[in-house]
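Asks: In case you want the letters, here they are:
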Amino acid sequence: MMDKSSATMATSFVLNGEIVQVDPTPGERLSHSLRERLDRKDVKIGCNAGDCGACTVLVDGAPVCACLMATQQATGRKVETLAGLVKADPDAQALMESFQHHQAAQCGICTPGMMVSAVALLRDVPQPSDAQVQDALGGVLCRCTGYRKIIDAVVGTHAADQLVQAPTELGHNARRFDGLAKVNGSERFGDDVAPAGALVARVIRSPYPSASFTLGDIAGWQANHPGVDTVLTAKDVPGLNAFGVIPGFIDQPVFAVNHIRFRGEAVACVVGDADAMAMLDLTSFPVKWTPQTTLSDIDDAIAPDAPLLFEDRKGNIMCGGFVQCGDADAALETADVTVEASYKTSFVEHGYIEPEAGFAEMVDGRLHVHACTQAPGMDRETLAAVMNMPMADIRIVPTAVGGGFGSKIDVSLQPFIALAAMKTGRPVRMTYTRNETMQSTTKRHPAQIKIKVGAKADGTLSGLRFDGDFNTGAYASWGPTVANRVPVHASGPYHITDYRARSRAVHTHCPPSGAFRGFGVPQSAIAQETAFDLLAEKLGIDALDFRLKNALADNVPTVCGQVFEQGVGIKACLEALRPAWEMAKAECAEFNATHSDFKRGVGIAGAWYGCGNTSLPNPSTIKAGVRPDGTVVLHQGAMDIGQGSNTVIPQIFAKALGVSIDGVTVLGADTDITPDAGKTSASRQTFVSGNASLKAGEALRRKILLQANVGPDATITLEDGKVTVTDTGQVQTLDLSRLEPNADGYVLMAQETYDPPIKPLDENGQGIPYAQFGYAAHLVVVEVDIALGLCKPLRFVAAHDVGRAINPLLVEGQVQGGIAQGLGMALMEEYIPGRTENLHDYLIPTIGDIPPIETLILEIADAHGPYGAKGLGEHVLIPTAPAIFNAIYHATGAKVTRAPATPTRLRAALQEAGHA
Amino acid sequence: MSYITATTLEDALTALTTGPASIIAGGTDWFPAQGDRHFDGTLVDISRLADLRGVTKTDSGWRIGAATTWTDIIKADLPPAFDGLKLAAREVGSIQIQNTGTIAGNLCNASPAADGVPPLLTLDASVQLTSRQGTREIALCDFLQGVRKTDRAADEILTAVHIPDLPDGSKGSFVKLGARKYLVISICMVAVVLQVKDGVVADIRIAIGAASPVAQRLTALETALRGLPAKGLTHAITDDLIHGLTPISDVRATADYRQAAATQVIRRAITLALKGDA
Chain G
0 MMDKSSATMA TSFVLNGEIV QVDPTPGERL SHSLRERLDR KDVKIGCNAG DCGACTVLVD
60 GAPVCACLMA TQQATGRKVE TLAGLVKADP DAQALMESFQ HHQAAQCGIC TPGMMVSAVA
120 LLRDVPQPSD AQVQDALGGV LCRCTGYRKI IDAVVGTHAA DQLVQAPTEL GHNARRFDGL
180 AKVNGSERFG DDVAPAGALV ARVIRSPYPS ASFTLGDIAG WQANHPGVDT VLTAKDVPGL
240 NAFGVIPGFI DQPVFAVNHI RFRGEAVACV VGDADAMAML DLTSFPVKWT PQTTLSDIDD
300 AIAPDAPLLF EDRKGNIMCG GFVQCGDADA ALETADVTVE ASYKTSFVEH GYIEPEAGFA
360 EMVDGRLHVH ACTQAPGMDR ETLAAVMNMP MADIRIVPTA VGGGFGSKID VSLQPFIALA
420 AMKTGRPVRM TYTRNETMQS TTKRHPAQIK IKVGAKADGT LSGLRFDGDF NTGAYASWGP
480 TVANRVPVHA SGPYHITDYR ARSRAVHTHC PPSGAFRGFG VPQSAIAQET AFDLLAEKLG
540 IDALDFRLKN ALADNVPTVC GQVFEQGVGI KACLEALRPA WEMAKAECAE FNATHSDFKR
600 GVGIAGAWYG CGNTSLPNPS TIKAGVRPDG TVVLHQGAMD IGQGSNTVIP QIFAKALGVS
660 IDGVTVLGAD TDITPDAGKT SASRQTFVSG NASLKAGEAL RRKILLQANV GPDATITLED
720 GKVTVTDTGQ VQTLDLSRLE PNADGYVLMA QETYDPPIKP LDENGQGIPY AQFGYAAHLV
780 VVEVDIALGL CKPLRFVAAH DVGRAINPLL VEGQVQGGIA QGLGMALMEE YIPGRTENLH
840 DYLIPTIGDI PPIETLILEI ADAHGPYGAK GLGEHVLIPT APAIFNAIYH ATGAKVTRAP
900 ATPTRLRAAL QEAGHA
Chain X
0 MSYITATTLE DALTALTTGP ASIIAGGTDW FPAQGDRHFD GTLVDISRLA DLRGVTKTDS
60 GWRIGAATTW TDIIKADLPP AFDGLKLAAR EVGSIQIQNT GTIAGNLCNA SPAADGVPPL
120 LTLDASVQLT SRQGTREIAL CDFLQGVRKT DRAADEILTA VHIPDLPDGS KGSFVKLGAR
180 KYLVISICMV AVVLQVKDGV VADIRIAIGA ASPVAQRLTA LETALRGLPA KGLTHAITDD
240 LIHGLTPISD VRATADYRQA AATQVIRRAI TLALKGDA
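So the protein sequences, as listed, match chains G and X.
So in numbering that gives the first Met the number 0 the end of the first sequence lands on 915, straight run, no missing numbers.
So in numbering that gives the first Met the number 0 the end of the second sequence lands on 277, straight run, no missing numbers.
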């Protein structure tokens, strides 16, 4: 029997219909064997703990987490993965069509887990209900979609053969142009691209939030660990041992020197061959820690005797923001009614299912980095400084990104793998563990907000004062941006003549807070929008009417003194909610008349959000050309992190060029071949890169028409490698062979840049912070379980002014995904450093937590937007949490002032409101 | 460092006598506990022991093999007294977890929030432990000794769960309180087995989990409710009858919240069990 010990025993099983044999280590996870030994990269790993379901495979037909099964347990059994299923299984093939049709995959990292789980369901239940789909897919987390499109796709699978594909042109629900790879298992994310035999790097991190340290005998330690190639510390950084995202705030060391400021901060990096690294016990690494006073929160950090994280940042205040117009104090003094309230929000984790991953290698003396990122251009700048290399010698090749939401704008593992590749001369890969990504990457800022707002008896706003402190953690990251954005937005989309908003970014010994969908505005909107409901109540005015009375409009100045002559869509958004609002109020009243244990309420909230950088240059460049063989090529560098720029930017380009996208080859993103389209953040890609794409398309069109010597109304057709131009009935095919290709290989080429027109803000925050805003209003009906303090949203109606919906289905996808994140922030998400560094203690919504969402798309064209389009990515979650809190108040009278409203907190608020 | 796929129980027991070893069946608790650390011990896989899997009727009750998965239990043909166990089975992690996670694993892992424990307590379950020296039977409430602590000796395998026959007409229920719909660790959960005769509670067993280091039966409450009319029974459930809870404060809820919620969840579990009877 003992010879059954399988230390040296091969295991064989049937994988996607073929017998395979592997030699796993004892107790090796099936997910690891499938990916690393059998190269089945369609099996994704998100948590290695059964918390996310991304690695779901079928074993003898039953869905299991491949990360929770020993490979030996698969012996003799039938294992099926997505890539195998879509080749042979009719349910999987129909599902593949349905997923694409409904755009059920955004980033695509959870898609294999979702689809494999769905196949198991469909084999049993060919036409499942919503509830059956939810039960079957409840074990797979998605952070992008809000799940509703996934439910639609699975429910609709049986009719997949009747689906009619939407046209690809602008304004239609074209399938994602990059969508097929997401549903057939061929998409390659950060952990899927390293060459075989690449070295593996792992980071030595601080177990303490505040400590000094000394490194011990590293050479001796390395000598005792065969297979370890090298150990990197601060001494190995040839350039600047610091990174950051904002000039003047480049303050986070690649490797800490002498002391660390947060739990999870890097002090060293160990590099070695994969097998040796897998066996390594990182706790044996020679480092001696001396824990020091920890400033855990804002109150700790601003206490008079608090130690300073940075000597030159007095009082641990990193920076602040300020916007003032009129005289807020005087206006509040003369207001007929006022409301004053305080709010507290928590750290929120981005919770993308793909942990940071990638590899780096040296190629002909140049550094190539293949990793998931939202900002290839910024990665290159950061690495140039850290590596002390010219930018031209660095190539960033982004992989597919399994969710970002702001955190993957900052570098994470890029400096480590770059330094390791340079030092070893070999390809080096790295994948963060779930624990590592949650403890070391950026978070949403916890906020402490005080607000006072007043109104005249007729409902006109009279003064708003806002003070917000934001826990920016140990390092700057995007903290300054949050500090700047919040005072500009804290008025909400309303006309307030007397306004003063202050913000401060406060350092603590917490993970760096950075960019997360909305840059602080979701926090400030909670305060402002819930205070508005209290004010409306005091005035005896309907909450929707109150907002409409004060909503911004064309030619009405914002709190920054910015006046838009056109494109202000907030009133349209609010008005669009009116039918649902009136109906929901009546329904709730009827329900509540006959129920005492459960109460229903409806809430609304408005929002606005400026697209692009705040009063800073923010260009995007797009290039396109025609090859001698007639191929039209678009160089698309706007990172698609699931939101859809790989579809939207080409749709805009095709419209501008006047062709069908089917004839266009799209390349990128890759810093060697795509011009810098800026970062995917600030809801800027559709607006800014979209404009660059439009300009490039128009410029190329002009060149083609000039070549053909025809008028501007001529039609261009791309077919069979030919560029055909038709003008007033005359058809001509361009003779490209007589044209000389340029250095890029194009006989005709256009490269265009767009930078939004903005102006600096003065000391009172007056100026032109953004060229455009997008507008939104959400409505939610909730049911509150009085005794247990549970809030269950029953349905959402979301009105969004997007200027022009380039692809309406992508708009819906953004809205639903944003609402899911807003719901999580409102009801369950609270990251506690050192405590919730996994996906079972840190809860994000599951497929059973997101109710139906109706999206109302409004198109109030913006003069600056491409074809009128406005940004959308962040607007979608800003009104969600306050709408939920307003609905809870409407249902029960309980005031939620602390997010998330966990059962404990909501129950306490209910008791405070007089519920037994 | 080895992986032993036991083909007989004897093999598995012998493997345990040769040195420290971890027993693995579904692996759904073992892998998360192991995390990303390298494992260099011995794993004894008992998931292929056919005798350890399945639900069977015995002369005096029911036997659930140790390696029976939660999905097996959901699919098993069992009387209504097991409805609570089945509802709990549907709450263990996700379908993926239920397909491989086993009943014995849930018990041996000894989490205060183990979904399987309260229903098994209401079923008066006992566990069978087998070693090379023989077998012994111990009541589940005695087997579970604390957080991550059981009475299992290192050379023993939990081989079966035994459930005695229940009073005729008994019905089970289970209610779990968590902060989201799926994949959630309980704030607290309650299982009930109830027998109503002629409109009166003839027998009632109530167990609560995640409100003390080990899930427990609420015997004072059971005594108070026995003999009462089923109609309006929930009104008889008062805080003063709920003794012995020692809830903790953690990321999921505060102790005070748990204590107060317990009463509510008990009422709801009893209401669910009473459906059709009152």
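Since the hints were derived computationally from the structure, they do not count as laboratory data.
These numbers were taken from a predicted model, which means no experiment stands behind them.
Heads up, the beta-carbon is just placed ideally off N, CA and C, and yes, glycines get one too.
You may find that some hints are simply not true.
Keeping only pairs whose Cα atoms sit at most 27 Å apart, straight-line, the calculated DSS-like set for lysine-lysine is [what the hints assert, rightly or not]:
| # | chain 1 | residue 1 | chain 2 | residue 2 |
| --- | --- | --- | --- | --- |
| 1 | X | 85 | G | 343 |
| 2 | X | 56 | G | 791 |
| 3 | X | 74 | G | 791 |
| 4 | X | 274 | G | 791 |
Simulated restraints, written as ranges between beta carbons of each label pair [to be verified]:
| # | chain 1 | residue 1 | chain 2 | residue 2 | range |
| --- | --- | --- | --- | --- | --- |
| 5 | X | 242 | G | 793 | 34 to 40 Å |
| 6 | X | 131 | G | 915 | 54 to 60 Å |
| 7 | G | 272 | X | 56 | 22 to 28 Å |
| 8 | G | 333 | X | 242 | 55 to 61 Å |
Example chain G residues on the side facing chain X (calculated, C-beta under 7 Å, incomplete) [to be verified]:
| # | residue |
| --- | --- |
| 9 | 48 |
| 10 | 61 |
| 11 | 137 |
| 12 | 282 |
| 13 | 396 |
| 14 | 840 |
| 15 | 845 |
| 16 | 847 |
Asks: Each hint should be assessed against the structure and marked as holding or not.
Replies: Hints and how they fare:
| no. | hint | in the structure |
| --- | --- | --- |
| 1 | 85(X) - 343(G) | violated (41 Å) |
| 2 | 56(X) - 791(G) | violated (41 Å) |
| 3 | 74(X) - 791(G) | violated (30 Å) |
| 4 | 274(X) - 791(G) | holds (24 Å) |
| 5 | 242(X) - 793(G): 34 to 40 Å | holds (37 Å) |
| 6 | 131(X) - 915(G): 54 to 60 Å | holds (58 Å) |
| 7 | 272(G) - 56(X): 22 to 28 Å | violated (55 Å) |
| 8 | 333(G) - 242(X): 55 to 61 Å | holds (59 Å) |
| 9 | 48 | holds (4 Å) |
| 10 | 61 | holds (4 Å) |
| 11 | 137 | holds (3 Å) |
| 12 | 282 | violated (9 Å) |
| 13 | 396 | violated (27 Å) |
| 14 | 840 | holds (5 Å) |
| 15 | 845 | holds (4 Å) |
| 16 | 847 | holds (3 Å) |
The structure does not agree with the numbered hints 1, 2, 3, 7, 12 and 13 stated previously, though it agrees with the rest.
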